[in-house]
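Asker: Protein chains in written order, with our numbering: chain A, 1 to 288; chain B, 1 to 98.
If you're looking for bench data, these hints aren't it; they were derived computationally from the structure.
Note that the Cβ used here is the ideal one computed from N, Cα and C, for glycine as well.
Just to be clear, a hint being listed does not mean it is correct.
The calculated EDC-like cross-link candidates involving lysine to aspartate or glutamate, where the alpha carbons are at most 20 Å apart (straight line), are [claimed, not checked]:
1) K163(A) to D29(A)
2) K166(A) to E51(B)
3) K50(B) to D29(A)
4) K71(B) to D29(A)
5) K50(B) to E275(A)
6) K50(B) to E13(B)
Partial list, derived from the structure: chain B residues whose beta carbon lies under 10 Å from chain A [claimed, not checked]:
7) W9
8) L30
9) A32
10) A33
11) E36
12) M37
13) R40
14) H41
15) R43
16) D44
17) R48
18) R59
19) I63
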Amino acid sequence: MTDEDLYVDGDSARWAFGTGFTDPLHGVDQAVPESVDAEGLAACCLALGDDALVSAQRLAEWCTRAPELEEELALANIGLDLLGQARLLYSRAGQVDGTGRGEDAYAYFRDADDFRNVRLAELPCGDFAFTVARLLVLSVWRLAVCEALTAAPDPVLSAIAAKSVKELAYHRRYAAEWAVRLGGGTAESAGRMRAAWDALAPWLDELLTDRTAERLGAHPSAVAARTRAELSHVLAGAGLNRPGDAASRGTSASSMPGSGRDGAHTPQLAPLLAELQSVARAHPDASW
Amino acid sequence: MSATNKGDWPLYEVFVRGKRGLNHVHVGSLRAADDEMALRHARDLYTRRKEGVSIWAVRSDTIAASAPDEKDPFFAPSGDKVYRHPTFYDIPDDVPHM
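Okay, chain A solo, but in the shape it has when bound (with noise of 0.2 Å):
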């Protein structure tokens, strides 16, 4: 099934409900403008949508294990936005890097060194807290990323921007309203948010210093500035920027060298493509 079948407009009558689901290509010139280099497109592309399809794998891992019913299926819904957003970038980077590859081939069958997700993305789920977290700065940051890149010159990337960051302002509140939650509840709870801001402190400027999309509109200093301005609004408000903790030493002294941007990743995105693959591989010739 094409995403034109999945996205039919009209015909109401035929659903009780899901009416009026709009393609957020519909419409756009799929064409590759002229002014813009086509490789630093496709990288941009590729780099994003890993960051989306690793970070959607980790929430999918909170299925029937996550504290609440109803949070087990926002972040099953989290992870689906950020499913279609990878979707819509594999499809975009395969038009554009000239290899005519679809998004099975970007998702599917890539070996680790191959993917170009920031490291944050890939860290084990930790806690409620640790996911609450490093969601928080993931959407935060791709927020940034993403409303910098609706003006982008490409015309396709800049449809996939303005969709993703729909969603990814309701990741952010998601996330921020659970930090502060946590941040303010009890001791345990607390402790456990300040012990993730802790382990995920030495993966940020991984995402600060990112340049992926610095030619398509995305400048790194102005979505670091705000960054780090919205993250220490949540912050405060968790009661987590006290003198001492993580967020207000800042990161640089504790930071972790090398970046996934370059291919090298922790020894945890491995085991999590294994199992994201492996059904995709051991029947390549299956459609679903």
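Start from chain A and add chain B according to the hints.
Answerer: The following block gives chain B in isolation, referenced to the frame of chain A:
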């Protein structure tokens, strides 16, 4: 915050108004720690397929409900008042939508 342990979260009833609906319709219930979380959960649980344009969430224990064993005193007396239904009028042919 009082209700922080699993199982302590109060029950909420969720009402959703659809795009073509005129009023909010009860769609189900959920558990949440407070009103804000209840709205968020309602959004995630009950509007996944674009069912709604508006959500009400209200704590179940604030709803005054008629008791099942009072069904007869409550509802039976209206059962034989056939004159309360406007069925004794001749409708002229040129009145539409009746």
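Asker: Hint by hint, note whether the structure agrees.
Answerer: Against the structure, the hints:
Restraint check for K163(A) and D29(A): the C-alpha separation of about 16 Å stays at or below 20 Å, so the hint holds. This hinted pair checks out: K166(A) and E51(B) have alpha carbons roughly 18 Å apart, not beyond 20 Å. With a C-alpha separation of about 27 Å, the suggested pairing of K50(B) with D29(A) is violated against the 20 Å cut-off. Between K71(B) and D29(A) the alpha-carbon distance is near 63 Å, which puts this suggested pair outside the 20 Å criterion.
Proposed proximity of K50(B) and E275(A) is contradicted: the alpha carbons are some 31 Å apart, above 20 Å. Note on K50(B) and E13(B): the hinted pairing holds, with a Cα-Cα distance of about 19 Å set against a maximum of 20 Å. Because the closest C-beta pair between W9(B) and chain A is about 7 Å apart, less than 10 Å, the hint holds. Interface restraint check: L30(B) against chain A, minimum CB-CB distance 6 Å, threshold 10 Å, status holds.
Hint status for A32(B): holds, given a least beta-carbon distance of 7 Å to chain A, under 10 Å. The criterion of a C-beta within 10 Å of any C-beta in chain A is met by A33(B), whose closest approach is roughly 8 Å, and the hint holds. Proximity of E36(B) to chain A holds as hinted, the smallest CB-CB distance being about 7 Å (cut-off 10 Å). Contact between M37(B) and chain A, as hinted, is supported at the beta carbon level, the nearest pair being about 7 Å apart and thus within 10 Å.
Because the closest C-beta pair between R40(B) and chain A is about 7 Å apart, less than 10 Å, the hint holds. Interface restraint check for H41(B): the shortest CB-CB distance to chain A comes to about 4 Å, inside 10 Å, so the restraint holds. Here the hint on R43(B) is kept, as its CB sits about 8 Å from the closest CB of chain A, short of 10 Å. For D44(B), the interface hint holds, since its Cβ comes within 10 Å of a Cβ in chain A; the closest pair sits about 4 Å apart.
Here the hint on R48(B) is kept, as its CB sits about 7 Å from the closest CB of chain A, short of 10 Å. Contact between R59(B) and chain A, as hinted, is not supported at the beta carbon level, the nearest pair being about 15 Å apart and thus beyond 10 Å. With its C-beta approaching chain A no nearer than about 20 Å, I63(B) sits outside the 10 Å limit, and its interface hint is violated.
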